[in-house]
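With the hints as your guide, set chain B onto chain A.
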Amino acid sequence: MENAWIIPLFPLLSFLFLLLFGKRLKETSAYIGMLFTLLSFIYSLVVLFDRFSNPTYKAEATWLTIGDVQLTAGFEINQLNALMLVIVSLVSFLVHTYSKGYMHGDDRFHVFYAYLGLFTFAMLGLVISPNLLQTYIFWELVGAGSFLLIGFYFYKEEAKAAAKKAFIMTRIGDVGLLIGMILLFWQVGSFEYDEIFQAVEAGSVSAGMVTLTAILIFVGAVGKSGQFPLHTWLPDAMEGPTPVSALIHAATMVAAGVYLVAALFPLFTASETALMVVAIIGAVTAIFAASIGLVQKDIKRVLAYSTVSQLGYMMLALGSAGYVAGVFHLMTHAFFKALLFLAAGSVIHAVHTQNIEEMGGLWKKLRITGPLFLIGTLAISGVPLFSGFFSKDEILIAAWAHGNTVLFWLAVIAAFFTAFYMFRLFFMVFSGNARSEMKNVHESPSVMTFPMIVLGILAVVAGYVNTPWFGTFLGDWLVDGNEALGHGHIEGPAWIMIVATVVSLLGIFLAWMMYGKRSISRDWLSSRMPIVYGILYNKYYIDEFYQLSVVNATKFFSYLFHYIEKFLVEGIVKGITGVVQGLGRIGSKIQSGQIQGYGAMAFVGLALLLVIFAITGGYLK
Amino acid sequence: MSSVPISAYLTLALILFCIGLYGALTKRNMVIVLISIELMLNSVNINLVAFSKFGMVPSITGQVFSLFTIAIAAAEAAVGLAILIALYRNRKTVNIDEMNTMKH
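Chains as they are written, first to last, in our numbering: chain A, 455 to 1075; chain B, 111 to 214.
Where hints are given, some of them may not hold.
Taking beta-carbon pairs under 7 Å as the criterion, some of the chain A residues facing chain B (in silico) [unchecked claim]:
no. : residue
1   : 644
2   : 1047
3   : 1050
4   : 1056
5   : 1059
Which chain B residues stay away from chain A? Per the calculated CB distances, all over 10 Å, these [to be verified]:
no. : residue
6   : 145
7   : 151
8   : 209
Just the calculated beta-carbon pair ranges, DEER-fashion [claimed, not checked]:
no. : chain 1 : residue 1 : chain 2 : residue 2 : range
9   : B       : 141       : A       : 1042      : 28 to 38 Å
10  : A       : 1043      : B       : 128       : 37 to 47 Å
11  : A       : 1071      : B       : 128       : 22 to 32 Å
12  : B       : 116       : A       : 1071      : 18 to 28 Å
13  : A       : 1020      : B       : 201       : 49 to 59 Å
14  : A       : 1042      : B       : 114       : 22 to 32 Å
15  : B       : 184       : A       : 1061      : 43 to 53 Å
16  : A       : 1071      : B       : 163       : 20 to 30 Å
17  : B       : 166       : A       : 1041      : 37 to 47 Å
18  : A       : 1023      : B       : 210       : 21 to 31 Å
19  : A       : 1048      : B       : 184       : 26 to 36 Å
20  : A       : 1052      : B       : 141       : 17 to 27 Å
FYI, nobody ran anything at the bench for these hints, they're computed from the structure. Note that the coordinates shown come from a computational prediction; the quantities given were computed from them, not determined experimentally. Beta carbons: idealized from backbone N, C-alpha and C, even for Gly.
Extracted from the complex, chain A is given alone in its bound form (with noise of 0.2 Å):
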């Protein structure tokens, strides 16, 4: 454990020696980015399994002195720290291999190993960070890995749009990250994590100071993990190629802003209001995107509005004290998510499209994509036994004890639209009849499929570390030794796990009558009411709204303040500078290098001082 600052820097060495010699390497370069991976993984995994024996670790040094303060860094490998290692780094090193496979042919293939590099380095290094001020550098470094990642089509508008829409957008977040934690500086003078909790659960922090930096930190959380109402730019990000989906809008990157709610866990359940407004936040997304998620057309946005659905559930057991229940459901939907995502590149690899009303009867034709899809939608549907099923439960049961009664309800309904929409999507890719255009549709190489396998084995395993049923071994172990992080397991009624079963395979029914076997049917919403339809459809507006509201009101801002420098400013400073000019002019003419015409000026000057000085003097009275 105590090599392991280590873990981070095998990416960054991909990532350098990429830059370097990448254009020789070529497609090599895969080679290079999965060894270094590897290596991050197969550490991370010592590391796991040496803190189950070990107590937390630390190390610090100071890097700067500023009077009595000292900044420093280091690592701290903590519970949390040591399982966000491991799923970073495997679902780095599988994203590794299957673009291996994805990204063949590309002309930038060496640059996109060396931007996996860079951003796998950046997540490591976030998630061993033992104070705030680190956290922020990683957590800005992975903004930039994941800016290059999504624009890089960089030749395609859309690409472009998107690279900056998400920078902007958790940007924004990141404001609220940044207030937040000057706030927390000036009131603690640290920005040691340890030091933080130490003086909110002292109370030398007043309460209300508390309840504000918290949320002006999930502020930060929200711009990243994609929570209404910032949670625009990650559909958009889907520009991306599909790997980059994968590893970072499903499993790594959004996932930052849940990290960071947990990390700082004991600040927020010192503050009930932040609690709550972290919970409903998480609920209102979860429903919210969910809903959009019904009706869209694109594989890949369905997936990415689950995404951002998903977050939400994570956001509300959070919120919900559910410290157990939100990293547990953040550790399966890294593993079935990026399965899903994967999948959904190995068909778009397959028939080159990605819009699912093209799509169907690939069943057949995809052998291996389409089981393995099957099992990340049965896992994130919620249906027992999957690994899905559990983490759900917990949230459910988290919110429940909690007595978020409202918020309970709206989780209820999400995961059944979760289940609908997830397996609407299932039946009209892989079910039906085959199109005939689609004729040379081949299932991708090994490459491609292995790391698929590998995820689909943990989608349904990664759940039983954590059930009510044979034991919550992760609960306990998350929350060893730490009392502000709440129980390992929190005990709920038995019906809770009826009712969410019940509800997902009601979803599941349903989108089996519409998209499976057909008889109810497929525009029943849409002719219905074409309203709610067209709302979902456009997702509530939202883009627009933005566009209209907060877009428009900045470039109102912006062109004004363009006038205004353009004529004001520059008027005024080109004023200065013609007059300063026209003396200028005026001296240099008077400078002629004639000795005669400086004589007569001295003269004449010496005129007037003796005239002047007869008048002042009184001489001429």
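Same frame as chain A, now just chain B:
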């Protein structure tokens, strides 16, 4: 002798000085300019001598002083002419309008 008042000397000196100044400022030929400067110096000499005789405190110092001035003026004229000749050799002209290299 003593019937000539000081104002006459001073007026003569003033007129000479003005002629000298006028010549120094307007003439284009450097030789003339040099001569004009000599004229101005001599008008000052007249002043000095006049004040040494008719001043508030008459003293021989004024006349001694004017002798000094004459000596220095001679030296100055020699140096000035030497510079002038050097310039002339360099530029092939004594026109003062063309001596404006200080401007650049």
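Here's how the hints hold up against the structure:
Hint status for residue 644/A: violated, given a least beta-carbon distance of 65 Å to chain B, over 7 Å. This hint holds: residue 1047/A has a C-beta 3 Å from the nearest C-beta of chain B, less than the 7 Å allowed. Because the beta carbon of residue 1050/A sits about 5 Å from the nearest beta carbon in chain B, less than 7 Å, this interface hint is met. At a threshold of 7 Å, the smallest CB-CB gap from residue 1056/A to chain B is about 10 Å, leaving the interface hint violated.
Taken as an interface hint, residue 1059/A does not check out: its beta carbon lies about 13 Å from the nearest beta carbon of chain B, beyond 7 Å. Against chain A, the non-interface label of residue 145/B holds: every CB pair exceeds 10 Å, the least being about 15 Å. With a closest Cβ-Cβ approach of about 15 Å to chain A, residue 151/B is found to remain outside the 10 Å limit, as its non-interface label requires. With a least CB separation of 7 Å from chain A, residue 209/B falls inside the 10 Å interface cut-off, contrary to its annotation.
For residue 141/B and residue 1042/A, the Cβ-Cβ distance of about 30 Å falls inside the hinted range of 28 to 38 Å, so the restraint holds. About 27 Å separates the C-beta atoms of residue 1043/A and residue 128/B, a value inconsistent with the hinted range of 37 to 47 Å. Distance hint check: the CB atoms of residue 1071/A and residue 128/B are about 23 Å apart, consistent with the given range 22 to 32 Å. Taken as a hint, the range 18 to 28 Å holds for the pair residue 116/B and residue 1071/A, whose Cβ atoms sit roughly 22 Å apart.
With their beta carbons about 53 Å apart, residue 1020/A and residue 201/B fall inside the hinted range of 49 to 59 Å. Checked against the hint of 22 to 32 Å, the C-beta distance between residue 1042/A and residue 114/B comes to roughly 50 Å, which is inconsistent with it. Under the hint 43 to 53 Å, the C-beta atoms of residue 184/B and residue 1061/A, about 30 Å apart, miss the expected range. Restraint check, residue 1071/A to residue 163/B: a C-beta distance of roughly 28 Å satisfies the suggested window 20 to 30 Å.
As the Cβ distance of residue 166/B to residue 1041/A is approximately 44 Å, the hint placing it in 37 to 47 Å holds. The given range of 21 to 31 Å is broken by residue 1023/A and residue 210/B, whose C-beta atoms sit roughly 41 Å from each other. Between residue 1048/A and residue 184/B, the C-beta spacing of about 28 Å keeps the proposed range 26 to 36 Å intact. At about 20 Å, the beta-carbon gap between residue 1052/A and residue 141/B stays in the expected band of 17 to 27 Å.
Of the numbered hints stated above, those contradicted by the structure are hints 1, 4, 5, 8, 10, 14, 15 and 18, listed in ascending order.
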